[in-house]
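S.K.: Sequence:
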Amino acid sequence: FRPIVDLNTRMAAFDAGDVQIIGDSDAQFAEAYVDRCERGECQLVVDRGESVETMILLNTAVPPFDNPTARRAVATALDREAYIDAIAPGAQIADGPFAPGSRFYDEAAAGLFPDHDPDEARALAEQYREETGSALTFELTGTNEPRVRSSIQLAVEQLEAVGIAAEVRLVESATGLLDAVTGNFEAMGWQQFGSPDPGMEEVWWLSANAPEPPALALNMARNRNDAVDVALREARESEDADVRADRYTDV
Numbered sequence: 104f105r106p107i108v109d110l111n112t113r114m115a116a117f118d119a120g121d122v123q124i125i126g127d128s129d130a131q132f133a134e135a136y137v138d139r140c141e142r143g144e145c146q147l148v149v150d151r152g153e154s155v156e157t158m159i160l161l162n163t164a165v166p167p168f169d170n171p172t173a174r175r176a177v178a179t180a181l182d183r184e185a186y187i188d189a190i191a192p193g194a195q196i197a198d199g200p201f202a203p204g205s206r207f208y209d210e211a212a213a214g215l216f217p218d219h220d221p222d223e224a225r226a227l228a229e230q231y232r233e234e235t236g237s238a239l240t241f242e243l244t245g246t247n248e249p250r251v252r253s254s255i256q257l258a259v260e261q262l263e264a265v266g267i268a269a270e271v272r273l274v275e276s277a278t279g280l281l282d283a284v285t286g287n288f289e290a291m292g293w294q295q296f297g298s299p300d301p302g303m304e305e306v307w308w309l310s311a312n313a314p315e316p317p318a319l320a321l322n323m324a325r326n327r328n329d330a331v332d333v334a335l336r337e338a339r340e341s342e343d344a345d346v347r348a349d350r351y352t353d354v
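Going letter by letter, the sequence shown gives residues 104 to 354 in this note's numbering.
You may find that some hints are simply not true.
[What the hints assert, rightly or not] Cβ-Cβ distance ranges computed for the label pairs, FRET-style:
1. ILE107 - ALA264: 20 to 26 Å
2. VAL148 - THR235: 27 to 33 Å
3. ALA211 - PRO106: 36 to 42 Å
4. ALA212 - ILE124: 32 to 38 Å
5. GLY266 - GLU141: 20 to 26 Å
6. PRO106 - SER341: 34 to 40 Å
If you're looking for bench data, these hints aren't it; they were derived computationally from the structure. These numbers were taken from a predicted model, which means no experiment stands behind them. For every residue, glycine included, the Cβ atom is placed at its ideal position computed from N, Cα and C.
Please model the complete structure; the sequences and the hints are all you need to start from.
M.R.: Dropping the structure here:
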């Protein structure tokens, strides 16, 4: 097993025969090999099941994202369709941790995620200023590789267009992971939640796993919600598939 952090380096290693098999969640990687594999030069296997979601992870334990207005302002400022067009052609917009087709997917719940709305984002940024006396600014952390840098820069441009300032901080992957579990970040480019069953994901969502920074946390967003904890417990304790799906919808 050989970890290769940079996408272009991974592709070059495969092309040169230095590695024989690559597992990758990057849609750009698959796009680059579709034609070649159709010609018989390689074999491309695409997982059609549950996949990881790409997101901006917000640390709700520290300012500014301990404030719900700040979280919603950023959510409405970001244009996910523009991201897919520019960074991840062929990907689908994610409104939650489960894709359409999963028995845990709920269309009504997915529809609760705010749509891209620059005017609403500007209004929320101004509301945050009124609530706190400060402009909405934050540090956005990402790993130092070309695709991530492009993603981060696109997000910064969309945020700036509605009056939200984000200062970019680029780190190595190991540093980013350590920062996530210790809470040493405000917002971070992130990928997670690829398990086919929510029971394998609950460690990331339980309030008990969200201690104050810098204690190590599996719930890296530091979300704490009693109703979520109850729903997770009831889903875990039930053997009824419909009950489990209903409780995970509550989450």
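S.K.: For every hint, state whether the structure bears it out.
M.R.: Here's how the hints hold up against the structure:
no. : hint                        : verdict
1   : ILE107 - ALA264: 20 to 26 Å : 35 Å, violated
2   : VAL148 - THR235: 27 to 33 Å : 49 Å, violated
3   : ALA211 - PRO106: 36 to 42 Å : 40 Å, holds
4   : ALA212 - ILE124: 32 to 38 Å : 37 Å, holds
5   : GLY266 - GLU141: 20 to 26 Å : 46 Å, violated
6   : PRO106 - SER341: 34 to 40 Å : 38 Å, holds
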